[in-house]
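Participant: Here is how the chains run, residue by residue.
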Amino acid sequence: MSIYQKLTNLKITLPPVSTPAAAYVPFVVSESHIYLSGHIAKKEGQVWVGQLGTNMQTNEAKEAAHAVAIDLLGTLHAACTSVGKTLDDISQIVKVMSLVNSSPQFTEQHLVTNGCSELLSQLFGPKGAHARSAFGVAQLPMGACVEIELIARL
Amino acid sequence: MSIYQKLTNLKITLPPVSTPAAAYVPFVVSESHIYLSGHIAKKEGQVWVGQLGTNMQTNEAKEAAHAVAIDLLGTLHAACTSVGKTLDDISQIVKVMSLVNSSPQFTEQHLVTNGCSELLSQLFGPKGAHARSAFGVAQLPMGACVEIELIARL
Amino acid sequence: MSIYQKLTNLKITLPPVSTPAAAYVPFVVSESHIYLSGHIAKKEGQVWVGQLGTNMQTNEAKEAAHAVAIDLLGTLHAACTSVGKTLDDISQIVKVMSLVNSSPQFTEQHLVTNGCSELLSQLFGPKGAHARSAFGVAQLPMGACVEIELIARL
Numbered sequence: 001m002s003i004y005q006k007l008t009n010l011k012i013t014l015p016p017v018s019t020p021a022a023a024y025v026p027f028v029v030s031e032s033h034i035y036l037s038g039h040i041a042k043k044e045g046q047v048w049v050g051q052l053g054t055n056m057q058t059n060e061a062k063e064a065a066h067a068v069a070i071d072l073l074g075t076l077h078a079a080c081t082s083v084g085k086t087l088d089d090i091s092q093i094v095k096v097m098s099l100v101n102s103s104p105q106f107t108e109q110h111l112v113t114n115g116c117s118e119l120l121s122q123l124f125g126p127k128g129a130h131a132r133s134a135f136g137v138a139q140l141p142m143g144a145c146v147e148i149e150l151i152a153r154l
Numbered sequence: 001m002s003i004y005q006k007l008t009n010l011k012i013t014l015p016p017v018s019t020p021a022a023a024y025v026p027f028v029v030s031e032s033h034i035y036l037s038g039h040i041a042k043k044e045g046q047v048w049v050g051q052l053g054t055n056m057q058t059n060e061a062k063e064a065a066h067a068v069a070i071d072l073l074g075t076l077h078a079a080c081t082s083v084g085k086t087l088d089d090i091s092q093i094v095k096v097m098s099l100v101n102s103s104p105q106f107t108e109q110h111l112v113t114n115g116c117s118e119l120l121s122q123l124f125g126p127k128g129a130h131a132r133s134a135f136g137v138a139q140l141p142m143g144a145c146v147e148i149e150l151i152a153r154l
Numbered sequence: 001m002s003i004y005q006k007l008t009n010l011k012i013t014l015p016p017v018s019t020p021a022a023a024y025v026p027f028v029v030s031e032s033h034i035y036l037s038g039h040i041a042k043k044e045g046q047v048w049v050g051q052l053g054t055n056m057q058t059n060e061a062k063e064a065a066h067a068v069a070i071d072l073l074g075t076l077h078a079a080c081t082s083v084g085k086t087l088d089d090i091s092q093i094v095k096v097m098s099l100v101n102s103s104p105q106f107t108e109q110h111l112v113t114n115g116c117s118e119l120l121s122q123l124f125g126p127k128g129a130h131a132r133s134a135f136g137v138a139q140l141p142m143g144a145c146v147e148i149e150l151i152a153r154l
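From first to last, the protein sequence lines are chains A, B and C.
Residue numbers 1 to 154, in our numbering, belong to the letters of the first sequence in order.
Residue numbers 1 to 154, in our numbering, belong to the letters of the second sequence in order.
Residue numbers 1 to 154, in our numbering, belong to the letters of the third sequence in order.
It is worth saying that the hints were derived from the structure and are not from the lab.
Please note that a few of the clues may not be correct.
The list cannot tell twin chains apart, which means a pair is met if one copy fits it or any two copies do.
Taking lysine-lysine and the DSSO-like style, the derived pairs with C-alpha atoms no more than 27 Å apart in a straight line are [to be verified]: (1) 85 / 6; (2) 62 / 42; (3) 62 / 85.
Start from the sequences, fold in the hints, and give me the full structure.
Facilitator: This is the structure in structure tokens:
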């Protein structure tokens, strides 16, 4: 089944690529690899603000990571399109780096990040099995609770 | 001398690949590059918990980084094996990213990370000379003191 | 116009590659990609110390990020030279990862990092349009205010 059909079945609509808040671009295609910029969590178009261990729980941040995954997929689709390909041409999700806005006490960054990783696995199957680092950062741009970057290969 | 012989001389036994705590995989081989997931420090099979500047000193964390390097090598060996190669086929350790669980006052992340970098240099010689970023994170999954990810090239 | 001519016009002199503070190297050329180690901010040869939200403002840190960009370019030039190339042979700045030493309250890491990104765009034009992640870290080696790593492609 096509990735797009799976997205439809999950009632997920890919967003257009969001404009970066600064002097960079959302993705770079370098030979066969696609590098996506860190995407911060958004909810209803606004920055999804929060800090784990301070004013947000693991479950909500996991939802935020799921939302970031959808935005990453929107950008990944645009990156594929830019070189005449589609998400079905992705041969591997290579690596995910997940930054969780954390107090010095919060230790469940891996559970938060599963909100992203599980969707990638669900959509891409074995091609979605990725290497990953997840860790707690002191803060994120505009107070976002989660930021995730991704490398994929065509 | 083979990498495996050097490991034997150093009395280092490579561990089996540890199971990730979440929905991802320990490594991805993408064309000629191997991407290893962030590996958290462990001691006697348990998470090596601690925060620099709070309840752990540089020397102990440097030992933890050395332990992470051994775990990374175990995973790198498995990654090589998965494509019919061995550690002796690694042509370069390309990059290390080291996350040190740090209070806002601790500034010796580079010394901590040397516990990993020095072992890589010792084993791989010039092929072990890697690019590196080391920095202090607010927290790590399960409270680990150090997490390190690595990119190598076959 | 050559990158070197643009640097001259901007009155920027590329520094020699600084010696890493630890057991690693400033760059690795891996096939067509160049991986630069995280470079910490320096001012007049000394570590540029500071923490955003504690004792440094966004504008000063943006200057520090601009200074890091110049140091990165010095190293990138050396990396190009090591394989018989020059900065004019760079076909793309692929990715920037920017670590901003931040209190748990500081949320302008993207504005700080623009100090680096804007110079790259100015010098390389479309080839300088890079993917990027910027985030707040708890601390950096030797107390530096900013550390940036970079991937480029020949």
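Participant: What hint numbers does the structure not satisfy?
Facilitator: Result: hint 3 breaks, nothing else.
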